[in-house]
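Modelling step: build the complete structure from the supplied sequences, incorporating the hints.
Protein chains in written order, with the numbering used here: chain A, 1128 to 1238; chain B, 2 to 114.
No lab work stands behind these hints, which were simulated from the structure alone.
Fair warning: there could be bad hints in the mix.
[To be verified] Result set (DSSO-like, lysine-lysine): computed pairs, CA atoms no more than 30 Å apart in a straight line:
1. B/Lys45 / A/Lys1128
2. B/Lys42 / A/Lys1128
3. B/Lys72 / A/Lys1169
4. A/Lys1169 / B/Lys53
Predicted model only: the values in this text are computed from it and were never measured.
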Amino acid sequence: KQEVTQIPAALSVPEGENLVLNCSFTDSAIYNLQWFRQDPGKGLTSLLLIQSSQREQTSGRLNASLDKSSGRSTLYIAASQPGDSATYLCAVSPPTDKLIFGTGTRLQVFP
Amino acid sequence: DTAVSQTPKYLVTQMGNDKSIKCEQNLGHDTMYWYKQDSKKFLKIMFSYNNKELIINETVPNRFSPKSPDKAHLNLHINSLELGDSAVYFCASSQETVQETQYFGPGTRLLVL
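Take a look at the structure:
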């Protein structure tokens, strides 16, 4: 049974710091891994999708890496800003054609 | 311009009532989903439909019945609501299957009293 864990559960950093969010999954048989952002009281916004054959994806200040064999992904946020404050969720797509979400990392970036 | 919309945004109701949540997507996607996010913010899939056909049913109680009148709509009807049904319900869609990026609606906050 696929389980997805995110560490840390919460993170508070000053503006300008580079930071890394971690995601681990127990079954390496996945199609892809996605990172989402959820703002309080809002829906999810897809940030990056990494196919199983890829090692990383970049979008602006965000970089996500995938090491399928070790069951890990990291989301790197460069030069963090207060507007980055949100909950970040990773989700894996196993062959059973559904997304399995992690527990989330709640990020607060203070000025 | 809204890609995935849900109504209502908030729903407060008594135990035992029957209620429906509607979802519509204007992205032309073939696949739609319902997720439940509990009080601990854990998000779990409930149903998935592809071209109006059910493809995933995650052992959800049969009090929950999804209905897809067409490819752009996936509604969720809940019978005999229970306290434990209180959660945020999200609708999502993707082009084909879960291998594509999913687009989420804003969520429906259900509170059962």
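Structure-based check of each hint:
The straight-line distance between the Cα atoms of B/Lys45 and A/Lys1128 is roughly 14 Å, inside the 30 Å bound, and the hint therefore holds. For a cut-off of 30 Å, the pair hint linking B/Lys42 to A/Lys1128 stands: about 20 Å separates their Cα positions. A C-alpha spacing of about 24 Å is found between B/Lys72 and A/Lys1169, which places the hinted pair at or below 30 Å, so the restraint holds. At most 30 Å may separate the alpha-carbon atoms for a hinted pair to count; A/Lys1169 and B/Lys53 meet this at roughly 26 Å.
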